[in-house]
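Peer 1: Each chain is listed here by its residues.
There are 2 protein chains.
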Amino acid sequence: MTKTLNKQWQLASRPSGEPTADNFRLVEAPVPELKDGEVLVRHHFMSLDPYMRGRMNDGKSYAQPQALDAVMGGGTAGEVVASKSAAFAVGDKVVGMGGWQEYSVVDAAQPGMLRKVDTKHIPLSAYLGTVGMPGVTAWYGLNKIIAPKAGETVVVSAASGAVGTVVGQLAKAKGCRAVGLAGGPEKCRVVVEEFGFDECIDYKQHPDLKSLSAALKAACPKGIDGYFENVGGMTLDAVLQRMNAFGRIAMCGMISGYNGEPIPMTQPQLILVSRLLLQGFIVSEHMEVWPQALKEIGGLVATGKLKYRESIAEGIESAPQAFLGLLKGKNFGKQLVKLV
Amino acid sequence: MTKTLNKQWQLASRPSGEPTADNFRLVEAPVPELKDGEVLVRHHFMSLDPYMRGRMNDGKSYAQPQALDAVMGGGTAGEVVASKSAAFAVGDKVVGMGGWQEYSVVDAAQPGMLRKVDTKHIPLSAYLGTVGMPGVTAWYGLNKIIAPKAGETVVVSAASGAVGTVVGQLAKAKGCRAVGLAGGPEKCRVVVEEFGFDECIDYKQHPDLKSLSAALKAACPKGIDGYFENVGGMTLDAVLQRMNAFGRIAMCGMISGYNGEPIPMTQPQLILVSRLLLQGFIVSEHMEVWPQALKEIGGLVATGKLKYRESIAEGIESAPQAFLGLLKGKNFGKQLVKLV
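Taken in sequence, the protein lines are chains V and H.
Going by the working numbering, the first residue of the first sequence is number 165, and it counts up by one from there.
Going by the working numbering, the first residue of the second sequence is number 165, and it counts up by one from there.
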């Protein structure tokens with residue numbers, strides 16, 4: 165019997181500044197024999213996420229840096245194609261952290277490595293997006309940090325992304341005014357028309373602080389009570405000028421600084437003047453909320469009350485370009501690579 | 165009967181940049197006749213506080229700006245010298261918000277305007293400092309925002325001030341390592357020897373970020389878990405580099421920006437990287453904690469367990485110069501003006 169070959173993307177080098185395709189290397193390796201307790205998963209979808217950019221650096225960050233010459237880490241959704249574990253059967257649909265490759269071998273005994281999912285009511289790919297890490301990220305930041313009351317105004321940057329679309333829809337469900345920031349008229353149109361945000365500001369039309377701050381003032385006539393931060397930099401400066409007293413800011417990402425550019429906060433005194441709360445968080449450190457969050461989000465998705473979009477690249481070869489596009493905001497909604 | 169004359173300091177003009185003595189005007193007015201329900205208080209001590217600098221500006225801030233040509237507002241401690249209220253008798257020792265003047269007439273019916281205090285176990289002046297607003301400020305930021313556990317490291321800037329001295333002592337009482345930042349070797353010596361901090365860094369010896377960050381690293385070998393912020397600017401930048409994961413920062417003051425200088429936070433991404441919580445607060449908005457805080461602090465002061473220092477200027481005429489000195493860090497502990 166010929167061995168199955170497994171195409172894998174490794175990190176070949178660390179970027180200095182903006183990453184390029186040259187930072188990645190495609191290799192091919194035979195799928196190893198399964199040992200007792202192990203499961204072979206064929207990945208149908210790979211997840212691409214902004215946090216992976218941070219892991220490409222070697223500096224101090226919350227996550228361990230991605231090791232050089234090792235397979236890029238990341239979330240995956242697929243099907244069990246061989247099993248030496250009583251816990252998983254061939255044909256089971258599963259999500260895990262298989263990384264940028266076509267197959268992964270998983271030790272099923274290790275808790276949390278692999279999770280069976282129901283694909284009757286929810287498509288498999290959604291478990292990497294709205295019903296997965298990005299969705300729980302939105303849920304956590306909104307419910308546990310911003311904790312908005314009905315009638316309050318919630319702003320979210322990267323509003324058309326996998327996290328942002330969920331933040332706005334959950335805020336609307338709580339009776340809040342939801343205002344997004346996204347790049348380009350088409351994204352803004354869909355954020356409002358499809359995802360139900362009250363307004364969406366095209367940040368590309370506002371290249372300076374004064375202009376962006378004025379746009380926020382117009383879109384948020386009662387000020388801003390909660391802000392879900394995905395980008396940092398000038399956007400954060402502009403939002404800070406419009407925050408109401410006792411406002412809450414969930415710091416989830418600062419993509420504008422991922423390539424090492426300085427992204428100073430120009431008026432931190434506003435934290436004091438407006439008695440704000442800012443809190444950074446990483447959803448993987450709050451596993452205790454995942455069951456509740458996934459139950460709520462899964463129910464909303466299964467009944468069509470929570471919408472999502474996916475940007476799907478085809479084939480393992482497309483992963484680096486799709487990832488670099490994600491970092492430039494070329495995606496709409498969850499960025500995936502479809503392998504099967 | 166000749167009328168009693170009351171010397172008062174008014175705000176004559178708003179400062180552009182650093183305030184000067186010319187921004188204040190000394191006037192003299194007769195003490196008005198008391199109406200029913202009113203009390204005449206002769207001030208023994210006037211409080212001078214950094215927040216008053218913010219109120220001299222006309223811009224957006226948490227407090228209403230100080231009105232021009234009106235008596236400067238502020239805390240006072242004194243004695244009732246005439247009363248048309250059943251609630252106060254001549255001879256009562258009281259604290260209130262009498263402002264920069266020798267006497268004030270208070271409507272005793274308005275709740276919270278005037279409070280009788282016990283001067284048997286606690287000196288009258290302490291009610292403007294450790295057993296008053298600055299002490300409760302320290303208590304709130306430490307207990308309600310930083311909430312340190314025994315063994316954690318707490319850093320406080322302006323450590324020799326009315327608030328900072330209390331923060332460090334309360335942190336030590338909780339079993340924390342307390343590290344102060346103060347200006348000059350003498351202040352640092354007293355912060356350690358008299359107030360019991362583990363270390364105190366003389367920020368004047370560290371004029372750049374790298375040097376101050378290194379000094380913090382040396383003084384906080386296990387990193388920083390809680391930071392009580394009174395100054396802002398480069399100090400905050402340096403502390404952010406040393407914060408441990410899940411650290412908490414109570415934002416109480418940012419005196420380095422009070423004259424309008426830019427005080428950018430250069431690496432706000434550290435809030436995310438280290439999953440920090442930053443919270444601005446103003447103690448007068450949390451009156452619900454005052455009884456508990458004052459009871460705890462008062463007990464510690466009365467039994468000699470909580471120490472304090474006062475910088476006392478003599479006579480109403482000295483108020484502006486004492487205030488300008490406070491803004492330059494010339495005080496040690498609570499800055500007062502003694503009137504009687």
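No lab work stands behind these hints: they were computed from the structure.
Errors might be hidden in some of the hints.
Identical chains blur together in the list; that is why a pair holds if it fits in one copy or across any two.
Stated by the list, open to error - SDA-like mimics (lysine to any residue), calculated; alpha carbons at most 25 Å apart, straight line:
(1) Lys471 with Met277
(2) Lys381 with Gly223
(3) Lys374 with Asn221
(4) Lys386 with Gly223
(5) Lys308 with Ile446
(6) Lys492 with Thr430
(7) Lys374 with Asp222
(8) Lys381 with Ala227
(9) Lys374 with Glu474
(10) Lys381 with Asp222
(11) Lys313 with His450
(12) Lys167 with Lys502
(13) Lys386 with Ala227
(14) Lys386 with Ile446
(15) Lys171 with Ala466
(16) Lys471 with Ser448
Peer 1: For each hint, tell me whether it holds in the structure or not.
Peer 2: Quick rundown of the hints versus the structure:
1. Lys471 with Met277: neither (27 Å within a copy, 55 Å between copies)
2. Lys381 with Gly223: Cα proximity of Lys381 and Gly223: across copies only (18 Å, versus 37 Å in one copy).
3. Lys374 with Asn221: The answer is between: 22 Å across copies meets 25 Å, while 33 Å in one copy does not.
4. Lys386 with Gly223: between (40 Å within a copy, 19 Å between copies)
5. Lys308 with Ile446: Intra 12 Å, inter 23 Å, cutoff 25 Å: intra and inter.
6. Lys492 with Thr430: both (24 Å within a copy, 23 Å between copies)
7. Lys374 with Asp222: between (35 Å within a copy, 20 Å between copies)
8. Lys381 with Ala227: between (36 Å within a copy, 22 Å between copies)
9. Lys374 with Glu474: neither (33 Å within a copy, 45 Å between copies)
10. Lys381 with Asp222: between (39 Å within a copy, 21 Å between copies)
11. Lys313 with His450: Both ways: Lys313 and His450 sit 23 Å apart in one copy and 20 Å across, limit 25 Å.
12. Lys167 with Lys502: Answer is within: at 23 Å inside a copy they meet the 25 Å cutoff, but 90 Å across does not.
13. Lys386 with Ala227: between (38 Å within a copy, 20 Å between copies)
14. Lys386 with Ile446: Between copies only: 22 Å across, 30 Å inside.
15. Lys171 with Ala466: Neither: 33 Å inside a chain and 74 Å across chains, both beyond 25 Å.
16. Lys471 with Ser448: within (23 Å within a copy, 44 Å between copies)
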